[in-house]
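*Asks:* Take a look at the letters that make up each chain.
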Amino acid sequence: MVAVGSIMHPDLALVQRAKARDRAAFNEIVLRYKAKVYNFVRRMVSDVADAEDLTQETFVRAYLSIGSFQSRASLNTWLFRIATNLCIDHSRKSKRTSENTTRLVNSYDGEEDTDREIPDLSFDPQSLLLNSELGSILESALLDLPTKLRAVVLLYDIEGLTYEEIAEVEACPLGTVKSRLFNGRNVLRQKLAPYLRT
Amino acid sequence: MKQNTTQSLQNDHVSESNIHSYMDGTLSAQQTWELERHLAGCIDCERVVKEMRGALDLIHNLERNDTPDFFMAKLHSKLDEIDAARAPRTFASQIESALISLRSILRTHPVQAFGMSVAVGAVLLFSTLAHPTIDVKLNPASPTKKVPSHVVVEQLLMHAAENPLDDPSADQLAMHSTTTNEGAAIP
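Quick mapping for you: the protein sequence lines, in order, are chains G and B. One point on numbering: in the working numbering, the residue at position 60 of the first sequence is 60, and numbering is uninterrupted. One point on numbering: in the working numbering, the residue at position 11 of the second sequence is 11, and numbering is uninterrupted.
These aren't lab readings, by the way, just hints derived from the structure by calculation. Any given hint might turn out to be false.
Once the Cα atoms are required to be at most 30 Å apart in a straight line, the calculated DSS-like pairs of lysine-lysine come out as [said to hold, decoys possible]: (1) G:K36 x B:K145; (2) G:K34 x G:K19; (3) B:K50 x G:K34; (4) G:K19 x B:K74; (5) B:K78 x G:K34; (6) G:K19 x G:K178; (7) G:K36 x G:K19; (8) G:K19 x B:K78; (9) G:K93 x B:K78; (10) B:K50 x G:K178; (11) G:K93 x B:K74; (12) G:K36 x B:K137; (13) G:K36 x B:K78; (14) G:K36 x G:K93.
Note that the coordinates shown come from a computational prediction; the quantities given were computed from them, not determined experimentally.
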């Protein structure tokens, strides 16, 4: 991943310069990853201002600890790990109350357990569809997912990380990643089903 | 995986994990053929696959945004602060910051500062009584001269009274004293 033969991954060259307190190199890292991190964080937290703050904090922490970055890891994975930890801390601090769903299970603890939710049929699917708001319904459904399931769905289905990379980000076994992904996708499918059938 | 697929097909419906693998394109050609053959004859599984495909299409096409305006400026401002805190400090700047800290302690903890002053005064008084004279050498060439210790203490106190820490409250006190004296002089 990092180095193939004599060809060095461009991220690694930047990391080495950033470790030597080269601000221009760190700036290049930020420019390269800020949109990815921001989009991930924005869907992990409900508030846009919080998303910006947490993205800033991700890069501040990266700047402070770039010296301890292990070159065998991927910079992408490392940044997502910092961002995920910050988002989990943030969601612990501000427990969000679900408005549009009824939770059957209040917390997701087990690796094999499913946090199932049923769609709130008080919505008017027809008018929402007419307004082309499926995207916002999905955003809302994503925010209603338990944090750990949401992180895996976002990392796999949107950011394109592999199971192995997500296991590294989440610091959990590969089986747990797959389980969380399947459970998360199923919850989303169930919530979106009324609108997808139309 | 093949075993799982076979088992799930034997149980009439495709397992959820196989549906996800089918979506991700990670099933073998044989498994894919078996699964699709099942889907052709099972309305329930076909519906689940359609719903899942629709949900994933939506997820893959979610809008992506760049960071808000001034993101880089705000970030670099924070990084500048970190760099400033990391920068090596000169001896003079360390002394200066120590004096600033001392001054802030005196302001924020006046009672403790008063107690400390009383304690220092007591030590000086005890030293004065214990040592009536102190050997003072005014410059390296001159001989040592015996000076009464109370004279040395007085000079030290006078020096301290000149506000060596540049405390603005002491300046205000001095100014207030001058103003009061001037006011008294006006008939």
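*Asks:* All hints, please: hold or fail.
*Replies:* Verification of the hints:
A threshold of 30 Å between alpha carbons decides the hint, and for G:K36 with B:K145 the separation of about 77 Å lies outside it, so the pair is violated. With a CA separation close to 19 Å, the supplied pair G:K34 and G:K19 stays within the 30 Å bound. Proposed proximity of B:K50 and G:K34 is contradicted: the alpha carbons are some 34 Å apart, above 30 Å. Of the pairs offered as hints, the one joining G:K19 and B:K74 holds, with about 21 Å between alpha carbons and a cut-off of 30 Å not exceeded.
Note on B:K78 and G:K34: the hinted pairing holds, with a Cα-Cα distance of about 16 Å set against a maximum of 30 Å. The hinted pair formed by G:K19 and G:K178 fails the criterion: a straight-line CA distance of about 34 Å is larger than 30 Å. Distance hint between G:K36 and G:K19 is fulfilled; the C-alpha atoms sit about 22 Å from each other, no more than 30 Å. Under the criterion of a C-alpha separation no larger than 30 Å, the hint pairing G:K19 with B:K78 is consistent with the structure, at around 18 Å.
Note on G:K93 and B:K78: the hinted pairing holds, with a Cα-Cα distance of about 23 Å set against a maximum of 30 Å. Using a Cα cut-off of 30 Å, the hinted pair B:K50 and G:K178 holds, with the two alpha carbons roughly 21 Å apart. Restraint check: the Cα-Cα separation between G:K93 and B:K74 comes to about 24 Å, which is no more than 30 Å; the hinted pair holds. About 72 Å separates the Cα atoms of G:K36 and B:K137, which puts this hinted pair outside 30 Å; it is violated.
Distance hint between G:K36 and B:K78 is fulfilled; the C-alpha atoms sit about 21 Å from each other, no more than 30 Å. With a CA separation close to 24 Å, the supplied pair G:K36 and G:K93 stays within the 30 Å bound.
Consistency with the previously given hints fails for numbers 1, 3, 6 and 12, ordered from lowest to highest.
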